[in-house]
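K.L.:
Residue-level listing of the chains:
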Amino acid sequence: MLFHIGRYFIMLSKIFSKPEKHSIYWRKTMREVMVLGIDSLPIIAIISIFMGAVVTIQTATNIEGSMIPMYLVGYTARQSVVLEFSCTMMSLILAGKIGSSIASELGLMRVTEQIDALEIMGINSKSYLIGPKIVALVFINPFLMFISMFLGIGGAWFAGVINSMISTSEFVYGIQYDFDPFSITYATTKMIFFAFLIASIPAYHGYFVEGGAQEVGRASTRAVVFTMIAILVINYAITQVMLI
Amino acid sequence: MIEVKNINKSFGENQVLKDISFVFEQGKTNLIIGASGSGKTTIAKCIVGLHEADSGEIIYDEHEFSKMKFSERKAIRKELGFLFQGSALFDSMTVEENVMFPLRMFSDMSVEEMRERASFCLKRVNLENTNHLLPAELSGGMKKRVGIARAISVNPKYLFCDEPNSGLDPQTAIMIDDLIKELTIEYNITTIVITHDMNSVMEIGDKVAFIYNGEKWWEGTKEDILDADNKELVDFVYASKFLKTLRGK
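These protein sequence lines are chains A and B, in that order.
Using our numbering, read the first sequence as starting at 1 and increasing by one per residue.
Using our numbering, read the second sequence as starting at 1 and increasing by one per residue.
It is worth saying that the hints were derived from the structure and are not from the lab.
Check each hint, because a few of them may be wrong.
What the hints assert, rightly or not - DSS-like, lysine-lysine: derived pairs with alpha carbons at most 25 Å apart:
# : chain 1 : residue 1 : chain 2 : residue 2
1 : A       : Lys-21    : B       : Lys-157
2 : B       : Lys-45    : B       : Lys-69
3 : A       : Lys-14    : B       : Lys-67
Computed from a predicted structure; not experimentally measured.
Modelling step: build the complete structure from the supplied sequences, incorporating the hints.
P.N.:
What follows is the structure in structure tokens.
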């Protein structure tokens, strides 16, 4: 385990060295923003809308007929979407989608000697292949998170209104009630850390694959599992530091 | 010229290379031959720095490569072409982009100049009108030729070919061998070919080193090899019953 942690940090130190040609790295980063970030928008949209809707229905059903005011449905939807769902849950989902893709892409490049070809040409393959992925995700994931927040709350409102569980004015009052802008800072901080993990841990597993197709598959699975564990641990650590 | 002096390499307990020394001459095709698992590819990977040798020296035209740092090695690596056994083409790029890739990274050429150079290199390996194809759309022989075109795009001083004709039909294999030989003479480069194909040895082997169990067992020319009396080499060269019968006669 210590060997892997050590090698992971050595890999990170090599990634952030001076690029061979800035223009090529820039283009590659923009491509990764499209492939890893923008292409994830449909899945993020679908999950966010439906999760927001489910939160509303569950909350409204549970407080119906009690003394608890209905605007708390909006409040609950906002709190769950902003504090945990759009950053942590979405990152766990992206770890599965993007993490497996990064690990298998790099793993396949390793077993077909494409990484060796880069090294022989004198190119820092870690920096060239992994650097743009990390930069792209750290840049784009917070935007994806804001889109997820918007759609999640939108889904919550839609489900509440269409089922006549809550009026629009009550819902809007709820989502504004006791709002602390620091929760956005907290969520964004988490998302930046998670984006770094989603790119770097699968990249590590893919880059150092040894063997053939079966090993690439195993590396991809390992990458997703370790990324998810790392996200949960870091989530706890950041919450401890920022909220207590 | 590349000189290798007393190279040793182990993977864990397993010593793969034992005290290998050899001089790879400029303008000649230098062959490293031996059975599968004898350590041929490991020698090449040590020479280009993909593996670090445990001890010994690797000297590229008086530059001691083995003592250089990664950044210092870049200058030599820019003059080095490597044809991989599986071609190692970048599968997300077209043929033209693959050939242009080293130029994009290291030259100040304009896109037009790079395109011209790529077309020239592809023409040189008899691959015209394939510029916009993806590697997945090419046959094994075509992939090897694109690999050669990519390797020569930077005008290399050193060319490494790892099993250049493995998995190819005899005619295509001879075509690849001829191409390697022609390029070696045309550009006066130091070419190192890793192979276990005796046809290649007899076609292009100016200088041959036979590796057996990680040790250099024999060296000479392709003419010498037929008369060698080294048992392991004879067993390797005359592996088939047909050839053994011929040798008997």
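K.L.:
Now, for every hint given, state plainly whether the structure supports it.
P.N.:
Structure-based check of all given hints:
1. For the proposed pair Lys-21/A and Lys-157/B, the alpha carbon gap of about 23 Å is at most 25 Å, so the pair holds.
2. Between Lys-45/B and Lys-69/B, the direct Cα distance comes to roughly 16 Å. Compliance with the 25 Å bound is thereby established for this hinted pair.
3. In summary, the hint linking Lys-14/A to Lys-67/B is supported, as the alpha carbons are separated by about 20 Å, within the 25 Å threshold.
Comparing the model with each earlier hint shows no violations; every hint is respected.
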